[in-house]
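S.K.: Residue strings, one per chain:
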Amino acid sequence: MLKALVIDPGKCTGCKQCEMACSYENELEFNVSKSRIRVFDFHEQGKMVPYTCTQCAEAWCQQACPVNAITTDAASGVKIVHENLCVGCKVCTIACPFGTINYNASTGKVIKCDLCQGSPACAEACPTAAITYQDVEQAGFDKMKMWAAKSGAASESHGANAPVAKH
Amino acid sequence: MKLISYVILGAGPAGVTAAETIRSLDKNGTITMIGGDPEPPYSRMAIPYLLHGSVKEQGTYLRQAPKHYEALNINYRHGKAGGIDTKSKQLFLANGDVVLYDKLLIATGASPIIPKVPGTQLPGVHSCWTLSDAREILKLADKGAPVVLVGAGFIGSIVLEALHQRGCDLTVVEVAPRMVARMMDETAGGMLGRWCTAKGVHVLTGTKVEKISEAAGANGATLSVGLSNGTSVPAKLVVLAAGVRSNTGFLVGSGINVNYGIHVDNTLQTSAPDVYAAGDCCEAIDISTGKPDMLAIQPVAVEHGRLAGMNMAGKVTPHRGSLNMNVLDTLGLISSSFGLWQGAPGGDQSKMIDEEKFKYLKLEFLGDKMVGAQCVGLTDHVGMLRGLIQTGLHLGVWKERLMESPERLREAYVEVSQGTAARGAHVNAPVAKVA
Chain S
58 MLKALVIDPG
68 KCTGCKQCEM
78 ACSYENELEF
88 NVSKSRIRVF
98 DFHEQGKMVP
108 YTCTQCAEAW
118 CQQACPVNAI
128 TTDAASGVKI
138 VHENLCVGCK
148 VCTIACPFGT
158 INYNASTGKV
168 IKCDLCQGSP
178 ACAEACPTAA
188 ITYQDVEQAG
198 FDKMKMWAAK
208 SGAASESHGA
218 NAPVAKH
Chain G
3 MKLISYVILG
13 AGPAGVTAAE
23 TIRSLDKNGT
33 ITMIGGDPEP
43 PYSRMAIPYL
53 LHGSVKEQGT
63 YLRQAPKHYE
73 ALNINYRHGK
83 AGGIDTKSKQ
93 LFLANGDVVL
103 YDKLLIATGA
113 SPIIPKVPGT
123 QLPGVHSCWT
133 LSDAREILKL
143 ADKGAPVVLV
153 GAGFIGSIVL
163 EALHQRGCDL
173 TVVEVAPRMV
183 ARMMDETAGG
193 MLGRWCTAKG
203 VHVLTGTKVE
213 KISEAAGANG
223 ATLSVGLSNG
233 TSVPAKLVVL
243 AAGVRSNTGF
253 LVGSGINVNY
263 GIHVDNTLQT
273 SAPDVYAAGD
283 CCEAIDISTG
293 KPDMLAIQPV
303 AVEHGRLAGM
313 NMAGKVTPHR
323 GSLNMNVLDT
333 LGLISSSFGL
343 WQGAPGGDQS
353 KMIDEEKFKY
363 LKLEFLGDKM
373 VGAQCVGLTD
383 HVGMLRGLIQ
393 TGLHLGVWKE
403 RLMESPERLR
413 EAYVEVSQGT
423 AARGAHVNAP
433 VAKVA
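Read top to bottom, the protein sequences are chains S and G.
When we follow our numbering, the leftmost residue of the first sequence carries the number 58, and every step to the right adds one.
When we follow our numbering, the leftmost residue of the second sequence carries the number 3, and every step to the right adds one.
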């Protein structure tokens, strides 16, 4: 069963526990600038939106990598960056139209959400269940499609560059 | 049913992606991929990282799994293109071999342009394009060695980083008035130039190389590079990075239409039936202009390869166009540009400049859509610029906000792309797919 992060921005208070947990889990330091999940603060509306990689079925980052450093974990569908292969060329960082793979200057490699090998620290740390980790079918495929329809990528509804929801 | 014989001429990112795509759609057809270099398929883009030692040769290979091509029943062989007879569907290789095809993909890439000045054939003068070039450069580019790099465009600037990291005494000569003139504007190019100069690189813009001659000098120099400013610079190694040109010479007389690159329709088929082209060798649609152009970058080669493969295997998929984009790391200063970075007629722009901190962000709009962008010193979520530009989302109220504060582009992206998440929960799950 494919599991995914389910994000409900309506429940987010902007406490940024998710960013702290992510950076500590993955970088062993409390440094939100190295978090793979980011909370965007829409102060005009008093709204917070946690945002991270959606683990695209056929990912732009993976396609663009010139040295095969991003692979798909067969069981979870997660896209994983192999640090030993990443040369730090950053092409994935401009190729991902969601902006969710980023360059880490202290290692010279890119980083992205890998769902913490199946127990995402952000979801565990979230005090309001704005971020939960659920199986995709249970969370509702229709909602996913709704999100896709609203998202930028899905505005290319047909043709070469149109994203297709994974079945 | 007769098995289809697919032949792919070229084993760069376009060729390899096409071969894999065809195999995913046609389990039975024969796939022959013919590479011009003796090595396993590799990435030219990774060569600078080989030069500065962060990977070995194997780290430049496009696919890392041993026996990747055998496992997919892709027959990889070596050979150079000689010519094509599109009527009898025969591909001629330079060694005289004839390969029959039902569907042919031309993915022959590009080759470096050699400046028309005396001395480019001398020992110690190399392009930086193949693994073989890289091995020659590695023999000469030692610490302290005087090196002249000809060209500070996109490729030149990546090579610059590698040579500097090797500790070479580096002079870069660029005929344009600034670095990366075809990727970014005066402000950005100026920042890169100042940055590199401060790091000890001799940056000579608006300067031409007039001749290269043999002359023994200090620190192992065997060459002298004569410049248009009347001076000359000693060199142990001269690296040529003066742009690339599509490899189409073998098509002369084939009847296939070629301009700068091979003409293709929106299925990436050439003017000859069942002959397709992809990557640096072709001119396909630039999504920003709607016109054909040669966009010689890795992600575009992959997109072309994927689409050509789908169309060749019978899954007709039109190409809407590819987005021009580049990212560059010059000695730690990271820059990127997207789409119509030079702006659109009738458009407007917003910018943030901090010369002291080497930070620059310029966004280009047409109406309430973003059409181009350039960044220096900003890397976080930079892919969102591609998202905004390629999808042509209406920015609505965010247009004015971005005109005032371009650095709010991430918020703009998240809100505009998700139609504001205020409508309720969304699943942050696999949705997008590259086609």
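Errors might be hidden in some of the hints.
[What the hints assert, rightly or not] Simulated restraints, written as ranges between beta carbons of each label pair: (1) G:E358 - S:D98: 22 to 30 Å; (2) S:G71 - G:H396: 36 to 44 Å; (3) S:D98 - G:L333: 44 to 52 Å; (4) S:C72 - G:M354: 24 to 32 Å; (5) G:P347 - S:C72: 27 to 35 Å.
[As the list claims (entries may be wrong)] Short derived list, chain G residues pointing at chain S, Cβ under 8 Å: (6) A48; (7) S56; (8) K58; (9) E59; (10) T189; (11) Y262; (12) Q271; (13) S273; (14) Q300; (15) P301; (16) M327; (17) V329; (18) L333; (19) M386; (20) V416; (21) E417.
To be clear, the hints were calculated from the coordinates, so they are not data collected in a lab.
Where is the CB? At the ideal position from N, CA and C, for every residue including glycine.
S.K.: Quick check: does the Cβ-Cβ distance between D98 (chain S) and L333 (chain G) fall within 44 to 52 Å?
M.R.: For L333 (chain G) against D98 (chain S), whose Cβ atoms are near 33 Å apart, the range 44 to 52 Å is violated.
S.K.: Let's test the interface hint: is any C-beta of chain S closer than 8 Å to that of P301 (chain G)?
M.R.: Nearest chain S Cβ about 4 Å off; hint holds.
S.K.: Hey, does the V416 (chain G) contact hint survive, CB to chain S under 8 Å?
M.R.: Since chain S brings a Cβ to about 5 Å from V416 (chain G), closer than 8 Å, the hint holds.
S.K.: Given E59 (chain G) as an interface hint, is the shortest Cβ-Cβ distance to chain S below 8 Å?
M.R.: Since the shortest Cβ distance to chain S is 11 Å, the answer is violated.
S.K.: Please verify that hint: V329 (chain G), Cβ, nearest Cβ of chain S, below 8 Å or not.
M.R.: Constraint on V329 (chain G) satisfied, holds at 5 Å.
S.K.: Please check whether S273 (chain G) passes as an interface residue: C-beta within 8 Å of a C-beta belonging to chain S.
M.R.: 20 Å, violated
S.K.: Starting from the hint 24 to 32 Å, judge whether the C-beta atoms of C72 (chain S) and M354 (chain G) obey it.
M.R.: 29 Å, holds
S.K.: So, M386 (chain G) near chain S? Judge it on the closest CB pair being under 8 Å.
M.R.: 4 Å, holds
S.K.: Checking hints one by one. Is L333 (chain G) an interface residue toward chain S, by the C-beta closer than 8 Å rule?
M.R.: 12 Å, violated
S.K.: Do the numbers back the hint for Q271 (chain G), that is, is its least Cβ distance to chain S under 8 Å?
M.R.: For Q271 (chain G), the interface hint is violated, since the closest Cβ of chain S sits about 14 Å away, which is over 8 Å.
S.K.: Please test the hint of 27 to 35 Å on the beta carbon pair from P347 (chain G) and C72 (chain S).
M.R.: Distance hint for P347 (chain G), C72 (chain S) is violated at roughly 47 Å.
S.K.: Do the Cβ positions of E358 (chain G) and D98 (chain S) conform to the proposed distance bound of 22 to 30 Å?
M.R.: 27 Å, holds
Hints 2, 3, 5, 8, 9, 10, 11, 12, 13, 18, counting from the list given before, are not met by this structure.
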